[in-house]
Structures are given as C-alpha cells and as structure tokens.
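Starting from the given sequences, assemble the full structure and let the hints guide the process.
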Amino acid sequence: MEVTGHNNSQREAQRRIPIFEGDRTLWIIYAVLIVISVLVVYSSTAKMVYDISSSLTTTESLRQQLMLIMVMSLPMIFIAHKVNYTFYQRITKILFWLFVLLTLATYVVGSTTNGAARWLPIGPFKFQPSEILKIATIMMLARCMEDRQSTIHNIKLLPTSFKLRSAEQKRILRENTWPILGPVIVACGVIAPAHISSAAIIGIASLLMLYIGRVPKREILKILVVGASVAIIGFTLLSLVGIGRGSVGFTRLTRWITELTTDGNRSYVYELSDTERAMIAIHNGGLMGEGAGHSTSRAVVIHPESDYAYAFFASEYGVIAALVLMLLYLWITFRSIEICRRCTTPYPTLLAAGLGLLITCQAMLHIMVQVNLLPETGQTLPLISRGGSSLMSMSIALGMIISISRAPNLTTKR
0 MEVTGHNNSQ REAQRRIPIF EGDRTLWIIY AVLIVISVLV VYSSTAKMVY
50 DISSSLTTTE SLRQQLMLIM VMSLPMIFIA HKVNYTFYQR ITKILFWLFV
100 LLTLATYVVG STTNGAARWL PIGPFKFQPS EILKIATIMM LARCMEDRQS
150 TIHNIKLLPT SFKLRSAEQK RILRENTWPI LGPVIVACGV IAPAHISSAA
200 IIGIASLLML YIGRVPKREI LKILVVGASV AIIGFTLLSL VGIGRGSVGF
250 TRLTRWITEL TTDGNRSYVY ELSDTERAMI AIHNGGLMGE GAGHSTSRAV
300 VIHPESDYAY AFFASEYGVI AALVLMLLYL WITFRSIEIC RRCTTPYPTL
350 LAAGLGLLIT CQAMLHIMVQ VNLLPETGQT LPLISRGGSS LMSMSIALGM
400 IISISRAPNL TTKR
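Going by numbering that gives the first Met the number 0, the first residue of the sequence shown is number 0, and it counts up by one from there.
Honestly, I wouldn't trust all of these hints.
[What the hints assert, rightly or not] The calculated DSS-like cross-link candidates involving lysine-lysine, where the alpha carbons are at most 30 Å apart (straight line), are: (1) 81 - 169; (2) 169 - 92; (3) 125 - 162; (4) 81 - 92; (5) 155 - 169; (6) 216 - 92; (7) 169 - 125.
Treat the hints as calculated values from the structure; they're not laboratory data. All values reported here derive from a predicted model rather than from experimental measurement.
Shown next, in the form of structure tokens:
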C-alpha cells in the first residue's frame with residue numbers, strides 16, 4: 000500500500016502543470032528588469048515635484064508604473080508564454096497587416112506628442128501600434144524564410160541586373176524579393192515617418208535574421224548597400240519636405256556631428272544637449288553610483304524615466320551595475336540562440352532568434368545614444384523605461400521566446 004501511495008503521489012506531481020514554464024534564465028532576467036524598472040521610474044520622476052506644468056507626483060508615477068506592470072506586462076508575458084508557437088505562425092499574416100493599418104491610422108486619427116503622431120487613443124489610454132508591428136514583422140520574416148529553407152542557401156533576394164522586365168528578374172522579384180523583403184520594406188516605410196530609429200531597429204534585426212537563416216552573405220551585403228542608400232535618400236527627402244520626423248531627425252544628426260567635432264564649451268547646464276546631460280549623469284555616478292534616490296543629475300537629465308533611463312540608472316547605481324544591466328540584454332540574445340539550437344523546425348528557430356535580436360538591438364541603440372555613439376533617437380530601454388506600449392510589446396516578445404523554449408519539439412536537458 001505504501002508503494003502504491005508513493006506511485007500515486009508521483010503521478011499527481013507529474014500531472015501538475017507549473018505556472019511559469021520554459022526557460023528559467025529568461026524568467027529571472029525578466030524579473031530583474033521589472034524590479035529595475037520600478038526603481039528607475041520611482042526615483043527619476045522625483046524631478047516632477049519641481050515641474051510646475053506637471054500634476055504627476057512621484058507616488059502617482061510609481062502607482063501608474065506598477066499598474067502597467069500588473070495589467071499589461073505580467074499578463075502579456077504570461078499569456079504569450081502559454082500559447083503554443085504554432086498559433087503565432089497561423090495568425091502571422093493577419094496580425095501583420097492589421098498593425099500596418101493601425102500604424103497608418105495614427106497619421107490620420109492618432110494623438111501627437113512632441114511633434115510625433117504615433118499613438119491611437121483608446122479611452123483614457125494611448126496605444127502605439129508600431130510597437131506590435133515590430134514583432135509582427137519578425138513573425139512574417141520567419142514564416143517567409145521557413146517556406147524557402149530548401150533553396151535559401153543559394154537564393155537571390157535582389158535582381159541580378161537592371162533589366163527588370165526580363166522573365167528571370169520578374170521571377171526573382173515575384174518569388175523572392177517581395178515575399179521575403181516586402182514585409183520588412185512595408186513595415187519600415189510605415190513606421191519611418193514617425194519614428195526613424197524604430198524602422199532602423201527592424202532593418203538591423205531583419206538583416207541578422209537573414210544571416211542566421213543561411214541567406215548567402217553576398218545577398219545580405221547587397222541588401223545592406225541598397226537598404227542604406229534608400230534610407231539615406233528617404234531620410235534626406237523627409238528632412239527637405241518636412242514630412243513626419245524627418246526635420247527633427249536631421250536636426251539631431253547635425254547637432255550630434257557638431258558635438259563630436261567641436262569642444263562645445265557652454266556656460267550653463269541648460270545649454271547642453273540631452274545626450275551631453277546624460278553623459279554627465281553617467282560620469283557623476285562613477286563606479287558605484289550616487290545611491291538610490293540620491294542622483295544629483297535627475298533635475299537636468301531630460302526624460303530620465305524613459306529616453307535616458309540607462310544614464311539615470313548609471314548615475315544612481317554606478318558604471319559596474321550599468322555594465323551588468325547591458326549584459327542582461329545581451330544574455331537575452333544568447334539564451335534565444337541557445338533555444339534556436341534546440342529547435343527542430345525553421346519557424347521557431349528564426350522567430351526566437353529574431354525576437355531576441357529585436358529586444359537586444361533596441362536596448363543597445365538606447366545605450367549607444369547615452370554615451371553619444373549615436374544621435375538622439377527617443378528609443379526606450381526595453382522593460383525598464385516608463386511607457387505602456389513598449390512595456391507590453393517587449394513583454395509579449397519575451398513571452399513568445401519562452402513559449403518556444405517550452406515547446407514539445409525541444410529537448411529539456413539543456
């Protein structure tokens with residue numbers, strides 16, 4: 000009887016389904032980033048006390064961030080990791096074109112903040128559909144590449160000559176260029192007028208996915224050259240015509256070049272650019288930081304809770320902690336690649352790699368701005384910066400990677 004009872008208890012334990020499944024490392028990284036988010040938002044928004052135009056107090060800001068985490072982030076990552084990745088494969092096309100249309104709608108009926116029309120008002124909330132469109136583009140690219148795995152090692156993604164009317168070039172455009180690169184081009188074209196850096200993130204992540212997906216290096220190089228040329232021409236036209244954020248982007252670019260090529264001596268801190276203030280904040284933090292809630296730079300750093308969250312974190316917790324934070328984002332990509340190696344079919348392999356690269360590319364772009372390696376972009380720090388749309392989309396992306404890690408076609412021993 001004792002043996003039978005022991006066996007029954009073992010069977011019951013095996014039947015129990017854990018609440019949080021999948022890759023434990025990614026869950027730990029997520030938890031750490033969420034805790035940092037609460038600390039950064041609560042401490043950085045103390046500057047609002049001195050802002051007469053703002054009615055938001057530090058406590059209210061903390062309450063809002065906690066609500067976003069409890070209502071958007073946690074439910075989204077939980078649901079996303081419980082859904083089988085094959086469901087994402089089935090809804091890819093519908094999801095992509097839906098959010099293309101919603102992103103286009105922001106230019107017509109969207110609300111505008113700081114000169115950028117990116118948000119759709121939904122009751123008391125503002126939703127940024129371009130954040131989900133990033134994920135949907137990665138999903139589309141993964142699906143299109145899966146359908147061509149048998150020939151992808153020698154595929155031609157761009158026409159081989161300028162005789163585009165010839166049967167051979169038409170076939171390349173019809174069978175390869177549009178199905179694989181079309182969604183990326185559409186997404187970048189839709190997003191770029193309002194947020195050039197988001198379009199750049201999609202482009203970079205897509206190129207890396209092509210490399211992981213065994214597309215010939217010569218084709219990737221051709222796409223890089225053509226894509227960069229089109230981006231430069233498009234950026235110039237947007238700047239000259241004044242459409243969307245083109246003029247803002249051009250101003251930021253010229254200011255960045257000026258800062259790199261001149262001494263930039265200024266008498267007052269308020270004459271400094273946002274990036275220069277961020278670098279001062281990082282310098283003031285030193286190795287160990289000024290301490291939680293004791294940053295002397297939060298009063299002068301612009302948007303320390305969002306656009307310059309990394310610099311503010313470094314000012315309070317030090318360069319060592321900031322480097323650890325950067326490694327956490329890189330670790331997401333490493334874990335995604337490890338999950339890819341255990342996949343037995345192309346779609347989850349490419350999807351996990353693409354989503355991991357999407358999160359890490361956005362984080363690295365945010366960090367590079369803080370140290371003046373790139374001009375200002377307005378990109379948030381994934382899962383940390385204040386903002387509901389970004390927090391929700393990055394939670395969904397991470398949840399989808401965890402969903403793939405728990406799929407039955409993966410080994411569980413690694």
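Taking only the CA atoms, is the gap from residue 125 to residue 162 under or equal to 30 Å? Violated, at about 47 Å.
Is residue 169 within 30 Å of residue 125, Cα to Cα? Distance of about 43 Å is beyond 30 Å: violated.
Assess, step by step, whether the Cα of residue 216 is no farther than 30 Å from the Cα of residue 92, and give holds or violated. 27 Å, holds
Quick one, are residue 169 and residue 92 close enough, alpha carbons at most 30 Å? 24 Å, holds
30 Å Cα cutoff - pair residue 155, residue 169: 12 Å, holds
Hint consistency between residue 81 and residue 169 [alpha-carbon to alpha-carbon, up to 30 Å]: 42 Å, violated
Can the restraint linking residue 81 and residue 92 be considered satisfied, given a maximum Cα separation of 30 Å? 21 Å, holds
Violated hints, in rising order: 1, 3 and 7; the structure is consistent with all others.
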